[in-house]
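Given the sequences, and given the hints that come with them, work out the whole structure.
Residues per chain, in single letters:
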Amino acid sequence: MMSLLYVLIYASTLIFLIASAVRAVHYARLPLHLRWELYPVPHEDPERAKHGGSYFESTDWWKKPATFNWVGELRSMLPEMLFQKGLWEFNRRMWLSSFPFHFGLYMVIGSTTFLTATALLALLLPQSVDGGIGLILHYVYAAGWLAGAVLSVGGALALLVRRLTDEDLRTYTVPADVLNLLFFIVTLGCLTLGYLLRPKGSPGALSLAQGLLSFDTSLRVPLVLALGLVLGAVLTAYVPMTHMSHFIAKYFTYHAVRWDDRPSIPGSVLERRVAEYLTYRPRWAAPHIGADGSRTWAEIALTNPARQAAPTFRLAGVDTKGITTEGKK
Amino acid sequence: MSKQKLSLSDVSKPEKKPLVHLENADLMPLPAPLEEPAKDHNWTPLSAQVQEKYECFLDDTCAVSVPQPKSREEEEELVKKFLSGLEKLFTKENNWTFLQPLLLTMEHCAKCQTCSEACHIFEASGRNELYRPTYRSEIVRRLYFKYVKGGGLISAWQHGDIKLNWPLVARLIELSYRCNLCRRCAQTCPIGADNGLVAHELRKLFSQEMGIAAKEIHENGSMLQLKVGSSTGMNKEAVKDNIEFIDEDISEKTGIEVKTPWDVEGADVLLIHNAGEIMAWPENPGAFALVLNAAGISWTLSSELAGYDSINYGLWYDDAQFARVALKHAEAARKLKVKKIVLGECGHAHKALSVIADRILTGDLNIPRESSMTLLRDIVMSGQLKLDPSRNDFPVTMHDPCNLVRLMGVVEPQREVARKLCPKFREMEPHGVDNYCCGGGSGFAIMSGNNFQDWRFHVSGRKKLQQILNAFQDCLDASIPKYICAPCSNCKGQFRDMLAYYDLWNKNKILYGGLVELIVNAMSDVKPGFIEWEWR
Numbered sequence: 001m002m003s004l005l006y007v008l009i010y011a012s013t014l015i016f017l018i019a020s021a022v023r024a025v026h027y028a029r030l031p032l033h034l035r036w037e038l039y040p041v042p043h044e045d046p047e048r049a050k051h052g053g054s055y056f057e058s059t060d061w062w063k064k065p066a067t068f069n070w071v072g073e074l075r076s077m078l079p080e081m082l083f084q085k086g087l088w089e090f091n092r093r094m095w096l097s098s099f100p101f102h103f104g105l106y107m108v109i110g111s112t113t114f115l116t117a118t119a120l121l122a123l124l125l126p127q128s129v130d131g132g133i134g135l136i137l138h139y140v141y142a143a144g145w146l147a148g149a150v151l152s153v154g155g156a157l158a159l160l161v162r163r164l165t166d167e168d169l170r171t172y173t174v175p176a177d178v179l180n181l182l183f184f185i186v187t188l189g190c191l192t193l194g195y196l197l198r199p200k201g202s203p204g205a206l207s208l209a210q211g212l213l214s215f216d217t218s219l220r221v222p223l224v225l226a227l228g229l230v231l232g233a234v235l236t237a238y239v240p241m242t243h244m245s246h247f248i249a250k251y252f253t254y255h256a257v258r259w260d261d262r263p264s265i266p267g268s269v270l271e272r273r274v275a276e277y278l279t280y281r282p283r284w285a286a287p288h289i290g291a292d293g294s295r296t297w298a299e300i301a302l303t304n305p306a307r308q309a310a311p312t313f314r315l316a317g318v319d320t321k322g323i324t325t326e327g328k329k
Numbered sequence: 001m002s003k004q005k006l007s008l009s010d011v012s013k014p015e016k017k018p019l020v021h022l023e024n025a026d027l028m029p030l031p032a033p034l035e036e037p038a039k040d041h042n043w044t045p046l047s048a049q050v051q052e053k054y055e056c057f058l059d060d061t062c063a064v065s066v067p068q069p070k071s072r073e074e075e076e077e078l079v080k081k082f083l084s085g086l087e088k089l090f091t092k093e094n095n096w097t098f099l100q101p102l103l104l105t106m107e108h109c110a111k112c113q114t115c116s117e118a119c120h121i122f123e124a125s126g127r128n129e130l131y132r133p134t135y136r137s138e139i140v141r142r143l144y145f146k147y148v149k150g151g152g153l154i155s156a157w158q159h160g161d162i163k164l165n166w167p168l169v170a171r172l173i174e175l176s177y178r179c180n181l182c183r184r185c186a187q188t189c190p191i192g193a194d195n196g197l198v199a200h201e202l203r204k205l206f207s208q209e210m211g212i213a214a215k216e217i218h219e220n221g222s223m224l225q226l227k228v229g230s231s232t233g234m235n236k237e238a239v240k241d242n243i244e245f246i247d248e249d250i251s252e253k254t255g256i257e258v259k260t261p262w263d264v265e266g267a268d269v270l271l272i273h274n275a276g277e278i279m280a281w282p283e284n285p286g287a288f289a290l291v292l293n294a295a296g297i298s299w300t301l302s303s304e305l306a307g308y309d310s311i312n313y314g315l316w317y318d319d320a321q322f323a324r325v326a327l328k329h330a331e332a333a334r335k336l337k338v339k340k341i342v343l344g345e346c347g348h349a350h351k352a353l354s355v356i357a358d359r360i361l362t363g364d365l366n367i368p369r370e371s372s373m374t375l376l377r378d379i380v381m382s383g384q385l386k387l388d389p390s391r392n393d394f395p396v397t398m399h400d401p402c403n404l405v406r407l408m409g410v411v412e413p414q415r416e417v418a419r420k421l422c423p424k425f426r427e428m429e430p431h432g433v434d435n436y437c438c439g440g441g442s443g444f445a446i447m448s449g450n451n452f453q454d455w456r457f458h459v460s461g462r463k464k465l466q467q468i469l470n471a472f473q474d475c476l477d478a479s480i481p482k483y484i485c486a487p488c489s490n491c492k493g494q495f496r497d498m499l500a501y502y503d504l505w506n507k508n509k510i511l512y513g514g515l516v517e518l519i520v521n522a523m524s525d526v527k528p529g530f531i532e533w534e535w536r
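Protein chains in written order, with the working numbering: chain A, 1 to 329; chain B, 1 to 536.
Simulated from the structure, these hints should not be mistaken for laboratory data. Certain hints may be false.
Straight-line C-alpha distance at most 16 Å; calculated EDC-like pairs for lysine to aspartate or glutamate [to be verified]:
hint : chain 1 : residue 1 : chain 2 : residue 2
1    : B       : Lys507    : B       : Glu35
2    : B       : Lys5      : A       : Asp292
3    : B       : Lys507    : B       : Asp454
4    : A       : Lys200    : A       : Asp216
5    : A       : Lys50     : A       : Glu73
6    : A       : Lys50     : B       : Asp434
7    : A       : Lys250    : B       : Asp161
8    : B       : Lys335    : B       : Asp364
9    : B       : Lys335    : B       : Glu265
10   : B       : Lys420    : B       : Asp378
11   : B       : Lys337    : B       : Glu265
12   : B       : Lys240    : B       : Asp263
13   : B       : Lys340    : A       : Asp60
14   : B       : Lys92     : A       : Glu276
15   : B       : Lys5      : A       : Asp166
16   : B       : Lys340    : B       : Glu265
17   : B       : Lys5      : A       : Asp260
18   : A       : Lys63     : B       : Asp268
19   : B       : Lys339    : A       : Asp60
20   : B       : Lys81     : A       : Asp292
Coverage of chain A stretches by chain B, computed from C-beta distances (three or more under 8 Å per stretch; other residues unrestricted) [stated by the list, open to error]:
hint : stretch
21   : 18-31
22   : 39-46
23   : 247-261
24   : 273-287
25   : 301-307
Just so you know, even glycine gets a beta-carbon here, dropped at the ideal spot from N, CA and C.
As structure tokens, then:
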């Protein structure tokens, strides 16, 4: 039984990592889009970032060295990642339930990681976690985990109530949204109650973590806690398959869209990437596009559906000689 | 048309009836002098003929006027085309330009409705569900998961279901033209999802696959520009004639000889105006010519096809049309061997050529582009012009064109000028990158078919109207002339029409105009009174 539980936990962790990586790679490999930034862009020069300005406020900006204000970007990113600053500013009511849910999860994940590291240390250097130090470590991960779980379950319950009672949210709520929240509530509930109410003699958190790392099948886990562990494993594998993987998406929506203000510089990697896209052959059907699958994006862009005029200029890497509205002759 | 809350499935209703109807009393209240809904204009109803002929079953207006299909087969054919276009939106060969942000938006919206609170249209409509940014996006999202990602029972459970039929497609066409594409919603999204982009991509699908777009921005817009050189219909001879007339007029009015240079090879600056300025507000290009000459700038206009009209309506609905016009602008600059392109007072032209086109202006078309706001700021701050701010001693507020400010980050230069030259300058709240759209963005300012104007003044322009009235609450009296500085042609078009609609010039002396006019009005060497307090 324990073997199955261990396999499930390892498999779900692996699935989580692989599915998250697949999703991230998928988004990263999509073509570079046209610029679509939104201001303020926090890595702008601090003087301009204050009012949301860009390098376009500067005369002959292309002659000036490009600046990238890492401090500004971090000062914008960290409060958003840790405290959901945007939601605090723009939707305070939602923040009151979303923040505890998310921050509680961070605490649960952080404490679990800390517990795993402690267990590893205990296996490799048992004397290092003996006595007082071991007790302190135990209180750190246990208190962190419990506080996180309480926060997260509270937040999830509040979110669930809002989803079901607020008409503005209910219209857009699908069964999966309800189930997802219930999934978190039940999982964290089982883990917390299963741990706190476990019978005497049952393995504690450190023993369980050590058991998992050493594949110790002699441990006996009480039913509710075991159910919590199974649900936790399934939830871990499930999250990256859903829109809840927005922790991955958010990297791209911010860094690759909202804040991507990189100008195109002749001969740059960016220009070379676009040169490849200009050779794509779209198939849009409207007559004014003239995209029958034989003409490249560049050829389409260089023709004039209102006139029969050939271009006299060229785009990087694209031979445009002889292009007319009828296509390449 | 009940007041019952709209659901997502309503969009597929086959009944040929609008989904919602707005009364003036439903709308967001306005401050004085427009605080009484009962005294507001009544909406012009759509004529029976229009309702019989076109697909106008979304709300009280009709922006695109798609003819009603004549048979079930025709409907099915159109739905097939829509599906085909939907699939293309999610392939790199067809949509590399916006695939990444679109996919991220489709797959990660948390439906928290934070965006709704940021949307001026939703707020102004009295929080009508139809105009909630996620209403449109959620329909597209469900279609995406069902038809592009394969659908199935699990998908329906996970992402929700929607019934695809012609009424849905027809309503989506209209609904894609109920968003100003100002992207204020995207700015507040905690995930970074972009409902404005969804409206943009929908318009693109309809144009690029089905050949359906608002006539004003396609046929009379980008196509006319590509045919004669300008969406105003002016060819190069006409535009030169008009500029010559403007030069004469401005010379006489200011007492300073003004001559606009044309096609000067090797000039430092190629200035491209929105040609609408030449037709509707000639004092703007005239003021530019006067200021640039006075500052000793080496500059020129171009008479190349589209080189004298910076508009690029493709930005709002069609990537191919967008790219074609952007390339023409860059080509005009390349031929003249200028050092840089400076964009006149037109917000969408700024964003189109400076930002969005940046990655397709490769090779020898990658010519630097700059905002006229920075150039004007530099001229004013350099001390080259003798300026007397007391000439601008009237209340001035600044409108931030979304394309110039939130979407390009040009926030301060125009303010530096206004603060230096306008003693009674005051900000609207909020302003800068948190501004609200004028309500004319994404082509609405030039769209007036059927009763669309009623909608854009009552709904899309309402928040800006509230901001303007609030900014001038201390001086609403008609004895005090007031000036909305709007450095954007489209925004000015919206203000012209909206102020006239509510009679705010006659009753409260609220006028609108550009930034460069304020500069010339303050020039000591110029005859006083460049800004004429007359309605136009």
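Tell me the hint numbers this structure goes against, listed in increasing order. 2, 3, 4, 7, 17
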